[in-house]
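Engineer: Starting from the known structure of chain A, arrange chain B on it as the hints suggest.
So the sequences go chain by chain: A and B. Remember, the numbering used here sits 840 above the position in the first sequence when you count from 1. Remember, the numbering used here sits 2 above the position in the second sequence when you count from 1.
Reference listing, derived: stretches of chain A covered by chain B, where coverage requires no fewer than 3 residues with Cβ under 8 Å from a Cβ of chain B:
hint	stretch
1	889-896
2	974-982
3	1081-1093
Over the 12 Å line for every Cβ pair with chain A, so calculated as not near, a few chain B residues:
hint	residue
4	Ile45
5	Leu75
6	Pro157
7	Lys192
8	Ala303
9	Leu381
10	Gln382
By construction, these hints were calculated from the structure, which means they are not laboratory data. Every residue, glycine too, gets a C-beta built ideally from N, C-alpha and C.
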Amino acid sequence: MHGAAQARKYRLQGAGLDLALPYLMLAPGLMIVLGVLVYPLWDGLRASTKIYRYGSPVADAGFQNYLRLWSDAQFLNSLWVTVKFVALSVSLEAVLGFALALFCLREFRGIRLLRTVLIVPMVITPVVVAILFRLIYASDAGMLTVLSEAMGGGEVQILGNPLNAFIGLVVLDVWEWTPLMFLILLAGLQSLPHEPFEAARVDGAGAWRVFADLTFPMMRPVLAVAIVLRTIDAFGTFDQVFVLTRGGPGEATRLISIYGYDTAFKFQQTGYAAALFVTIGLVVLALAFSAIRLLRRIDAS
Amino acid sequence: MTHSSRLTRRSVIKGGLGLALATTALTTLGLPMAARAAGKKVIIGAFTDGGLTPFKQKIIPQAKEAGFDVEFLEDEYGVTLEKWFADAQSGAGQYDLYLLDDPWVPQFGAANVLEDLGAGGIDGSDKDWIGSMIDMGYWPPQQGPRVKGFEDAKPTLICVPFVGDLQTLTYRNDVFTGGAPKTWDEVIAKGKEGVAAGTIKYPVVFRGVSGNPIVTSWYPIFLSFGGSFFDDKWNPIFNSAEGKASADFFVGTMKQNAPSGVVEFDSDQEGAAILGGEAGVIIQYSGNALKADDPAQTKVAGKLDFGVVPKQEKAIAQMGIFIAGVPKSAPNKANAIEFLKWYTSAETQAKLSEAGSIPVKRSAFGVAKPGNRLIPVALQQLDAGALPRPRTPDWAKVEELLGIELNKALQAGSGGGAALDTAAKQVKDYLTTAGYY
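Isolated chain A (complex conformation):
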């Protein structure tokens, strides 16, 4: 009797160990995910429901910080500037990136060098890119002014004019990030099956027909992925604006990232800034989910 009970106990222990082992093996990874992903998110959410004064939480705010956002003219302005910036720059990057990818799909002498050169802007640190563009845009001694004066013109006003500064920022972003679009789309184009294109050629289809009926429809999922990735990334644009314009002149280039940064660190409204970033995070998340649904529809069709 004693022996049987002992054996049963050992069997149960063994079974328990078998059951627990996968969880034990997963535990370190789970702890890391909790520590580096879940905890900061939870902490940010918690901070967004507090009123901070002088760097410390002093009262519970509930949803007050979230509601306050929608009557904050500076927040609404920076949101609008960000939406305009993202829409314009990502659209331009998609069109230019696609055009460059189509051009570089062909094989000719020097194409490898060209493909390498085209991705150089993307690998330069954003802060350095901003400094480079400041040297171009500065009205007193910038390259554009120097060129203009050499041709008998006057000073070129980019950073001191709201519209020009905004366009200048879009140009900088397009210069820096079109290569990413180009790289993704080129990889997509190179992975397309050859047969439909050969068949179209045999049927005598022209270049535009091939693009409209074959290339573009087959590339839509890749294009959608590239646009989604860049859109998410563009919402977080910070370094370039911080160095180039700090959001000015006035509030013309004040992206949401700059306003959030100032709110959190310069004005030390930690709770309000947390609510701002949670809101923007939700907007970007909604965009990402919409894009995924769109991709599924494209795949289905």
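Structural biologist: Chain B only, in chain A's frame:
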């Protein structure tokens, strides 16, 4: 406000005891004084600014001779506040001293993260201090309105002035041949003559970038027109008739006599304009002014002189001193306090003056050979009038709101008064949200 004297005393006693033991041990071993001195480590955090060059070049070596092992860590101005505030709040203990910009004192003071230096033995009542400078080291302020929650708190010395920076006028002596222009009208009139003669390109250059830069440039003009920023209940009154007149002059007349791109100018472009020989006058802090006699830094060495800022009603500059605070989390707190006592002594301040930096003790202005022509002018300016920015932890936001509106008016070249009305309403709304009233 809680006082930290218990911690300070304990750390001072611990430090002193440690030092006594170390001294005894080292003396017994027969080691030289320099080796003993190397133990007094002080980690100083500073933001990059030309105003600290004499301190870095001349005073740090002397501090080392005096036995301090100084580690000097610099950061870009824009990121310093957030970095230090996080360091102080989290108690990370990365620094022994912060060389703060003076408007940050209320933020650190209200957060209660700096040591009580008075309890550490630094005498804030010493008559040798420049009064307007040492006043900035107290939180809550000894005079003027106080923000809610600090109405009845005892003013505590949490920072001591480190480098006495303030705005003064730099002008071209070949344009303003009779000495520094006394009024703004003279700046414009004689500046135009200088432009007509081909000596300069612009009568005046200033900082026009949104936020802190444009407000800093406008502030002495605002003060000189007789403006006041807040009343004693924190109601914005900067949009008074005097304030509006100053803003209209700033975005109108001054812009018309400045480079067309002045809207995007910050201190680097402003400095380049005066050092490159293009501008007739600028109002600036000492960082660029210290370069005025260096032929490697300026094309017009010998043609730049300094003076008190021009007046309309009065001639009042903005104070912007470097001011030192010891975080409660400082790893070498006792050393930091000892270093401050050494640094702010009349002897070391005299050496700072000889090194070319504006001192913070009045006796040091009287040294036989000040290292820079700016130093006696700085004393003239202090005596003529120099005011700090309003002492509220929310100054950064107030400055931002005002700076955006002033920048928009500057873009338009008119509407300065209306910009102040808009900003005053925004500031009032913001301070209401922040619980000021």
